[in-house]
Amino acid sequence: MADTETKALQAKEKAEVTTPAEQTRPGLVFTPAVDIFETDKEITLLADMPGVKAGELNIDLRENVLTLDGDVKEPEGVGEVDVIREYRTGKYYRQFTLSQVIDQAKINAELKDGVLRLRLPKVEAATPRKIAVKG
Amino acid sequence: MLWRRTTDWPTWGWTSPFEELERMRRQMDWLTGSLSRGVFGQLAAGVFPLMNVTEDKDNYYVRAELPGLKANELDISVTGDTLSISGERKLPAEDEKAQYHRREREAGRFSRIVSLPAQIDAGKVEARCTDGVLTVTLPKAEAAKPKQIAVKAS
Chain B
1 MADTETKALQ
11 AKEKAEVTTP
21 AEQTRPGLVF
31 TPAVDIFETD
41 KEITLLADMP
51 GVKAGELNID
61 LRENVLTLDG
71 DVKEPEGVGE
81 VDVIREYRTG
91 KYYRQFTLSQ
101 VIDQAKINAE
111 LKDGVLRLRL
121 PKVEAATPRK
131 IAVKG
Chain C
1001 MLWRRTTDWP
1011 TWGWTSPFEE
1021 LERMRRQMDW
1031 LTGSLSRGVF
1041 GQLAAGVFPL
1051 MNVTEDKDNY
1061 YVRAELPGLK
1071 ANELDISVTG
1081 DTLSISGERK
1091 LPAEDEKAQY
1101 HRREREAGRF
1111 SRIVSLPAQI
1121 DAGKVEARCT
1131 DGVLTVTLPK
1141 AEAAKPKQIA
1151 VKAS
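Sequences listed follow chains B and C, in order. Just so you know, we're using the numbering used here here: the first sequence kicks off at 1 and counts up by one. Just so you know, we're using the numbering used here here: the second sequence kicks off at 1001 and counts up by one.
Note that these hints are calculated values from the structure, not bench results. A couple of the hints might just be wrong.
Stated by the list, open to error - Heads up, simulated DMTMM-like pairs for lysine to aspartate or glutamate below, C-alpha to C-alpha not over 25 Å straight-line:
no., chain 1, residue 1, chain 2, residue 2
1, C, Lys-1090, B, Glu-42
2, C, Lys-1147, C, Asp-1081
3, B, Lys-14, C, Glu-1088
4, C, Lys-1057, C, Glu-1073
5, C, Lys-1070, B, Asp-60
6, B, Lys-106, C, Glu-1094
7, B, Lys-41, B, Glu-13
8, B, Lys-53, C, Glu-1142
9, B, Lys-130, B, Glu-42
10, B, Lys-53, B, Glu-74
11, B, Lys-14, C, Glu-1096
12, B, Lys-106, C, Asp-1095
13, C, Lys-1145, B, Glu-76
14, B, Lys-41, C, Glu-1055
15, C, Lys-1090, B, Glu-13
16, B, Lys-112, C, Glu-1106
17, C, Lys-1097, B, Glu-110
18, B, Lys-7, C, Asp-1095
19, C, Lys-1147, B, Glu-13
20, B, Lys-130, C, Glu-1096
21, B, Lys-112, B, Glu-76
22, C, Lys-1070, B, Asp-69
23, B, Lys-91, B, Asp-69
24, C, Lys-1097, B, Asp-103
25, B, Lys-7, C, Glu-1142
26, C, Lys-1090, C, Glu-1126
27, C, Lys-1124, C, Glu-1022
28, B, Lys-12, B, Asp-69
29, B, Lys-73, B, Glu-13
30, B, Lys-112, C, Glu-1126
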C-alpha cells in the first residue's frame, strides 16, 4: 500500500544508543532512523542524520560490518542561553552487517540536507539473470 | 521503626478512607507527571518538529531538525511574538520494484506555532536550512531589548 495520503507527523524523541561498549568520548549518541531497500542490482540505505556535515561523517566497512559514525557540532553560538530545549544533539552511530553479495569497491555515499544515501551495489554474479530457453 | 511508621500513618485517625486514597492518587499523578516531562525536566509540547529556542542579547534562535527538507519547502511566518512553521516532509518515491527491509523514516505534514517571550522585529527575521537543521534568527524588537541607563552625576 502506497502512502498517498499525507498524515501528520508525530514528534518523536531521538533514540539514544544503548551499546554495551563504553564510549571513549563524552557526549550523547543517537541511532539514526534508516530506510533500507533492495532492488535486483543494489541495496540502498537512507539515514536521517540532521546536523552532520559531509566531512564529519565516517563510513567504515570492515569484515562485512558497515559502520556509520557522524559527528555533530553544537549548533548554538557563543553567548546563547537556552529558553526551551526539546531535543538534544550528539553523535550518530549505527552498525549493519552486510552480506557477501555487496561489491565493496563500488559503494557510493551522498549526504544532502542531513540525509545520507548509501548505494551498495551487488556483485555481478549475484544479480539475477534471465536465461532464455531455446526450443 | 516499622512500628512507628504504622502508628504514625495518618489514616489511623481516619475520618474517611477515601480521602486517603484520593491523596495517594494525587501523589501518584504528581509522580508520573514529573516523569513524563521532556528533556531536562522541561515541558515539551510534543508537537513535530521538536524545537530548541535560545536567546542572546539581540536575537532569539529557533532550531529544529528537519532532515531532507529544503528552505523553500517550509512555510515560515512571524506576527508580533509568534512564529509559525509548517510544511510537509516528502520522501521521494523509490524504484517500484524495491523491497523494503527497514522503514523507519517518516513522511507527513506538520505545523507548529511558538510564542516567544518578547516582541519580534518581523521585518528582519531570517531562516536558514543547513544539513537538515533549520535555524530561524528572530531579532528582538527595539522595545524588548535591554537598555543600559547611564546614571548622571549631578
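Legend entry - Hint consistency between Lys-1124 (chain C) and Glu-1022 (chain C) [alpha-carbon to alpha-carbon, up to 25 Å]: 53 Å, violated
Inset, instruction - Below or equal to 25 Å on CA atoms is what counts here, so check Lys-112 (chain B) against Glu-1126 (chain C). - result: Holds, at roughly 21 Å.
Inset, instruction - Measure nothing beyond the straight line between the CA atoms of Lys-7 (chain B) and Asp-1095 (chain C); if it is 25 Å or shorter, mark the hint as holding. - result: Roughly 22 Å separates the two Cα atoms, so the pair holds.
Inset, instruction - Please work out if Lys-112 (chain B) and Glu-76 (chain B) have their alpha carbons no farther apart than 25 Å. - result: Given pair Lys-112 (chain B), Glu-76 (chain B) holds - Cα atoms ~21 Å apart, limit 25 Å.
Legend entry - Given hint Asp-69 (chain B) paired with Lys-12 (chain B) - CA-CA distance at most 25 Å: 21 Å, holds
Inset, instruction - Assess, step by step, whether the Cα of Lys-1147 (chain C) is no farther than 25 Å from the Cα of Asp-1081 (chain C), and give holds or violated. - result: Within the cut-off at roughly 19 Å; holds.
Legend entry - Satisfaction of hint between Glu-1088 (chain C) and Lys-14 (chain B), Cα-Cα up to 25 Å: This hinted pair holds, its Cα atoms lying about 20 Å apart.
Inset, instruction - With a cut-off of 25 Å on the C-alpha distance, tell me whether Lys-1070 (chain C) and Asp-69 (chain B) pass. - result: Given pair Lys-1070 (chain C), Asp-69 (chain B) holds - Cα atoms ~24 Å apart, limit 25 Å.
Inset, instruction - Could you grab the alpha-carbon distance between Lys-1147 (chain C) and Glu-13 (chain B) and see if it respects the 25 Å cut-off? - result: 38 Å, violated
Inset, instruction - Please work out if Lys-112 (chain B) and Glu-1106 (chain C) have their alpha carbons no farther apart than 25 Å. - result: 17 Å, holds
Legend entry - Hint consistency between Lys-91 (chain B) and Asp-69 (chain B) [alpha-carbon to alpha-carbon, up to 25 Å]: Holds, because 7 Å separates the two Cα atoms, which is no more than 25 Å.
Legend entry - Given pair status - Glu-42 (chain B), Lys-130 (chain B), alpha carbons within 25 Å: Answer holds: Lys-130 (chain B) to Glu-42 (chain B) is near 17 Å, not above 25 Å.
Checked against the numbered hints above, the structure breaks hints 4, 5, 7, 8, 11, 14, 19, 25, 27 and satisfies the rest.
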